[in-house]
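> Listed below, chain by chain, are the residues.
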Amino acid sequence: MNVGIAYYPEHCEPRRWAVDYRLLADAGITMIRIAEFAWSAMEPSEGQYDWKWLDDSIALAAEYGIGVVLCTPTACPPIWLTEQYPEVLPVHKNGQAVTFGARQHRSYHSPKYLEHSCRIVEKMAERYGAHPNVLAWQLDNEYGGEVKYDFGPCAKQAFHRYLEDRHGTIEALNASWGTIFWSQRYDRFDQIPLPAPIQSDLMMWHHPSLELEFARFSSNGIVEFARAQTRILRKYTGDRPITTNAFMFSWGDNVNWAELFAELDVAGVDIYSGDEYEIAFYCDAARGALARPFWIMEFGASSPELDRKLELVSQRGCSQFFLFKMKPFPWGQEQAQGRGELLTITGEPARNYGVVQQYTRQLDTKKQEAKYQDPQPTGAPGSADPGRSAAKLALYYHFDSSWCYQLSVGDRLHYPDYVVKTVYRSMYEAHDGLIDVLYSADQLGEHEVVVIPLHTIYDAALEERLIAYVHAGGKLVVTADLFRKNQHNVYLAEVPRLFRELLAWQPNNFILDAIDTRQSILIAHEYGAGGTWVVPRDASNEEWLETMAVVLKA
Amino acid sequence: MNVGIAYYPEHCEPRRWAVDYRLLADAGITMIRIAEFAWSAMEPSEGQYDWKWLDDSIALAAEYGIGVVLCTPTACPPIWLTEQYPEVLPVHKNGQAVTFGARQHRSYHSPKYLEHSCRIVEKMAERYGAHPNVLAWQLDNEYGGEVKYDFGPCAKQAFHRYLEDRHGTIEALNASWGTIFWSQRYDRFDQIPLPAPIQSDLMMWHHPSLELEFARFSSNGIVEFARAQTRILRKYTGDRPITTNAFMFSWGDNVNWAELFAELDVAGVDIYSGDEYEIAFYCDAARGALARPFWIMEFGASSPELDRKLELVSQRGCSQFFLFKMKPFPWGQEQAQGRGELLTITGEPARNYGVVQQYTRQLDTKKQEAKYQDPQPTGAPGSADPGRSAAKLALYYHFDSSWCYQLSVGDRLHYPDYVVKTVYRSMYEAHDGLIDVLYSADQLGEHEVVVIPLHTIYDAALEERLIAYVHAGGKLVVTADLFRKNQHNVYLAEVPRLFRELLAWQPNNFILDAIDTRQSILIAHEYGAGGTWVVPRDASNEEWLETMAVVLKA
Amino acid sequence: MNVGIAYYPEHCEPRRWAVDYRLLADAGITMIRIAEFAWSAMEPSEGQYDWKWLDDSIALAAEYGIGVVLCTPTACPPIWLTEQYPEVLPVHKNGQAVTFGARQHRSYHSPKYLEHSCRIVEKMAERYGAHPNVLAWQLDNEYGGEVKYDFGPCAKQAFHRYLEDRHGTIEALNASWGTIFWSQRYDRFDQIPLPAPIQSDLMMWHHPSLELEFARFSSNGIVEFARAQTRILRKYTGDRPITTNAFMFSWGDNVNWAELFAELDVAGVDIYSGDEYEIAFYCDAARGALARPFWIMEFGASSPELDRKLELVSQRGCSQFFLFKMKPFPWGQEQAQGRGELLTITGEPARNYGVVQQYTRQLDTKKQEAKYQDPQPTGAPGSADPGRSAAKLALYYHFDSSWCYQLSVGDRLHYPDYVVKTVYRSMYEAHDGLIDVLYSADQLGEHEVVVIPLHTIYDAALEERLIAYVHAGGKLVVTADLFRKNQHNVYLAEVPRLFRELLAWQPNNFILDAIDTRQSILIAHEYGAGGTWVVPRDASNEEWLETMAVVLKA
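Residue numbers (full-length UniProt numbering), protein chains in the order written: chain A, 1 to 554; chain B, 1 to 554; chain C, 1 to 554.
The set of hints was computed from the structure by calculation and includes no laboratory data. Please read all numbers here as calculations on a predicted model, not as lab measurements. Among the hints, erroneous ones may be present.
If several chains are the same, the list does not tell them apart, and a pair holds so long as it fits within one copy or across any two.
[Unchecked claim] With a Cα cut of at most 25 Å, we get these calculated DMTMM-like pairs of lysine to aspartate or glutamate:
#1 Lys52 / Glu224
#2 Lys112 / Asp201
#3 Lys93 / Glu146
#4 Lys123 / Glu543
#5 Lys475 / Asp56
#6 Lys156 / Glu311
#7 Lys93 / Glu83
#8 Lys156 / Glu542
#9 Lys112 / Asp190
#10 Lys392 / Glu122
#11 Lys325 / Glu87
#12 Lys235 / Glu87
#13 Lys112 / Asp432
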């Protein structure tokens, strides 16, 4: 696992670069991630570019044996762009436009924003796409972080188009959503509101089908935006890998990772956590996105016990690791807070400088062979067969079900917290080894146990696949709310086939409604060569540990 | 007590009606409450009506011996109405219009909304007013529920007219309110703001006299709206009773029940509670509104111990009882949440189906005599004299005092919580029998004990009546804040006569200010044949129980 | 210490004045503070004045031996002003204008508001400036209380001018602030936003340099407004003292007291607290503002143990003490709440009437000599040398550091709470005597111990002075975050000289980052004849007590 670091050449005088590169090289750091947020440095006013600082800093890095991951700067539109075209600013759910003065003040649905973003990306790609020291690209920064949703007119138009594409006619939408309820029937797509607050005196929400569609639409807008940048880069960058830095679900799982990474070359993730199981989860989740080694794009440079964590993430398939960041920012929203990074704010090596140096020296032999490790598909780490995962356990993460629960009117659950902090954690504690995080039916493989918690949205392909999986000897663990709703976020009126097949479930009622007694395993049933276990949807960590022990022994 | 249920024929295919009616008839359910929220089904676009589904579902119900309570659908203006006339949408106190996409998105003060509401009501009344199977009418749904106040221009104009009607001249208003304080003097009525948030950096409220008047005005707007619908219905419906479904004070006691029900035939209430004393309170409160048997318009169909609760509400004067609802909604803001109603979401009888069936079978003899029990005045249940209440205890509920406390700047109390959860609960626990809830001085009757908590607004007629009541042998329990303020929400500068008369109170100061020592009874004093007890205004449940024991024994 | 009281002649009929003045005179009260908030009584409509009530009430007070402090009424613009010129209303950070209907609905940056404020002040000054019974003036009321910041267009323009004055060129501002971070570079001053909420889905703040400048600008606007009023008054009032009533930092320390009082004659403060140490702090803080006796402009007339508190504040240098207020307000936002003041709401003497009477009788001899005690510089109370403080301990209060911490993105601390409730409290408990509160380097004097907590903003003059102070034998106690940032709220990249000098600190790193071990005193070091102690910036009350004991003994 190579070690890189975030670096901001535009933040200091050029004469400082050599000092910094020397310090990085001495620590064994072979890659810098630069230019994210630097739009105003590259294009100080519309159509006027300044590439010198970027040319020079990339060139100088090469002299120190340091390769570059170049980031597109689109998370920070400059003041001239927002002033000239206010439509690029997204609108908050409270009805006010997001203000210039921080980051992510951009609507993924604004044609003007898309136009200018594509232009700066193309300019960068033309100039650096084939640069020998630009080894990879990062798109933007933490898509959908501070600004996840846009309630402005551009988004509204795009949402109406999205709904029309999916539903065809307004009659079909009315029927699917059940707008007969409370006279919510629409005559035209362009009447449909965005799910901004209703403004009532008691708690009141929008229609749950509308809410779920808007969540899907918002994720989709980000995915489309990433694809637009990717298409441009591909014209210039050859086989250089393209990634982006997704962030932890504790800050929102509002972008569907499987869709986001589908057309990228490597999954990238930012991890800020002090909990080992949580770090492990995000490694497994990133590895699962493309079923291959992944990159950690940001990891706190001042983390305690960094040596242990380097081992942990490497074992779980991280092939390229970036610290965030070389030195504390003296100014701005992320200013120092009195802690050092790799260096202190006074420029001295901080505690972890030595830790990193020691780690990279151990890697010496490998490092001499290849400065850059190609993230082409290689199968999961530790697997004998390159196309086959070595993980014995798998956990299914379902974004639609997550959003459905997080948006629910009467049945709100925090899916990511539960799945990560209770379900995954129990699996991690019960079992010493990799856990595959799966996002689609076709990722189900040779795993001994597959755990599918809170998958409340019905999926026919997955149902089919699960029946086959258990029949062939697989062990399946689900929560009692499995397959309750259809894709429109509407409750099913019939119990799906899987229940009869896998559980020999006869009652014409759903498990969650039918079983009153509380026990850590509600149903355990054999089928074919395998079996299925149903647990309460709010089972505790202890109950999950108990269940995992039973299942692993079975 | 007859049992009915909420039913939504527009929610399913017509061929399903027969199945559902059969299931209802088999459970002994003789009445359905339909068409609330169905405006868009009745009038899919402006002036174009579709009555067929309603004609047919009412007609078919008759074949199963099921009568209909028809609801006006005005709580849910269709999209065409809000799109064409945005003024119908109320404005939230934060300045933003309430959004289409849920319910109660209507301003009681919008002329356009009133015009269209009256039109749809008149159309329904023309068509179904004399229908043999339409046995009663419900106005709208939970007036002032999700949307209690309107801070928009229609409301502002109406408020100015309301203030002018009540105060006559701006000088009179200035004098009554004390606008000399902080230079708040107005020159004209149309300068007076609505009490939307002041927008200050520290907590800051509007003038308390303004706040109380706005609360009265908002309640009054709802009462006027109900009366407008009632007047239209009366032209067509003969002696069929008209009611509405008021809701529990835990969601806001912002509509004055006494005024709301004054021109209706029967008081209707929705009760969702697991606490027996709370269910009892809302029965007593509904019975008190018109001093006669009342209807429960909604009661959770999945309530545990439903059999006990049916007994309880019947004993307290409920003559017609509606479950909410036949089956879970698969979609919309009130979608299933995984629980069954009378049926499960898969259409099977749920637990309470049998409970209801058993209850209705016991009622058999009576039921054969009359399908419909006329809610004409009959005196309270259990009373020998039909015009006289059997209740020994009475509790006085004063909306103006409640609003005064809930709006108070420096002395905020949650009147409904205290009165229901502390005062009424203690009375209920101390005494086995009905408790009359009173709303006006002339409802004081032969009760042995009258409890008047937190009645801080002075009322000369009530004062007069209380003196006579105690003189004649009545026992009066009040809190120490009795009669502190005048009707303008301004503190009195003189202690009212009642204190000298009933308590022989000499100090020129109010009890709350004068008595420092804490005891559960601050003053007990005989007068005429009766007596008066003064308790702290924040007496606990235990102290109230103690007081009730003392008073009942006295 | 003379005793005065807030009185509102405009609140009652003129015939009541004689009764009230008699009651005040009998209680030994020799001064009333009147006319704050009475703009609409003085100028009922634009340019039309009514002085009779004020003429008469001042004249009659003289007959009872009661002098007058006259207040400018500018905290309450009348309805005609806000209606005619809506620009006078400030805009809340949420984007909505502050509503008429309370107080402080005025923008300190609105030219129209300034014009009308100056006009009413000049009219009052012309009429009463030389009045024999108008003995002093109070400016406005609690500047920056309910409304601290204005996010409207007037403020925006003024902020841009302020930034241009301080930074000269936009390039200089960009460089000082580090707007290279996140592409926040500005091309012109008029592009800079006010720090209203960013409207993001995750927490997101404005640039910390912008935030701190806006805090300074907002304080400065208030100071300028006070100076404008002062300049007008000075033309008419001779040597009559001018003050204002600042309020406790628990409601916001958003006005720099040192700057506010610099051109006034006496520091005035409102104290509402039940904690002795807190009352003492605000006395010491007010005395420190001008290093001379101060006035308490408001103190709760119903305070328990008022006699003890009168002694306390008198010992700490209060020369004129005003109760708030004579009697409860029956109406308005500060209406009675059921408690008496000097009188009850029914007009009878309340508990503290006798307490005040007893206190004033003890003062008799002195009182006969001079009705009015001149607040000219006299040195702190108890000092032999009139120009020299008797206090052995001093505490440094730094508004810029306070705002910096209260606005911090990643390192938010509540400076006022910590400084008052932890640091000052410990000093007060550790030491029986006055404590000087200092606001600038040149106030450092002969104190044995100077405590400087959370002074994170570097100040070269103070650094210089501290080195000299310790060298000369002073004992200095600081927290470990001393001098971390420059005036632009940007972290320093070099450790300032003071650390080497006073602490012999060698590491090229800041103490807060370098010392991991937790102990109540991190460093203790002698220098010259004195010494310096460094404590953690979050030391507890107990740790501060321990430290004070060590330092006082050293």
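> Could you run down the list of hints and mark each one as holding or not?
For each hint, the structure was consulted:
1. For the identical chains of this complex, Lys52 and Glu224 are neighbours neither inside a copy (31 Å) nor across copies (46 Å), given an alpha-carbon limit of 25 Å.
2. Proximity of Lys112 and Asp201 under a CA criterion of 25 Å is satisfied inter-copy only: 22 Å between copies versus 37 Å inside one chain copy.
3. For the identical chains of this complex, Lys93 and Glu146 are neighbours both inside a copy (13 Å) and across copies (19 Å), given an alpha-carbon limit of 25 Å.
4. When the C-alpha separation of Lys123 and Glu543 is checked against a cutoff of 25 Å, the pair qualifies neither within a copy, at 55 Å, nor between copies, at 59 Å.
5. In this assembly of identical chains, the alpha carbons of Lys475 and Asp56 never lie at most 25 Å apart, being 57 Å within a copy and 52 Å across copies at closest.
6. Taking the shortest Cα distances, Lys156 and Glu311 never come within 25 Å of each other, neither inside one copy (46 Å) nor across copies (53 Å).
7. In this assembly of identical chains, Lys93 and Glu83 lie within 25 Å of each other by CA distance both inside one copy and across copies; the values are 21 Å within and 20 Å between.
8. Taking the closest pair of Cα atoms, Lys156 and Glu542 never come within 25 Å of each other, the shortest separation being 45 Å inside a single copy and 57 Å across copies.
9. Within a single copy, Lys112 and Asp190 get their C-alpha atoms as close as 21 Å, and across copies as close as 23 Å, so both meet the 25 Å cut-off.
10. Proximity of Lys392 and Glu122 under a CA criterion of 25 Å is satisfied in neither setting, with 43 Å inside one chain copy and 69 Å between copies.
11. Taking CA atoms no more than 25 Å apart as the test, Lys325 paired with Glu87 passes in neither setting, with 33 Å inside one copy and 47 Å between copies.
12. Within a single copy, Lys235 and Glu87 get their C-alpha atoms no closer than 29 Å, and across copies no closer than 53 Å, so neither meets the 25 Å cut-off.
13. Taking the shortest alpha-carbon separations for Lys112 and Asp432, neither the intra-copy value of 50 Å nor the inter-copy value of 68 Å comes in at or below 25 Å.
In summary, the structure is inconsistent with hints 1, 4, 5, 6, 8, 10, 11, 12 and 13 from the numbered list given earlier, while agreeing with the others.
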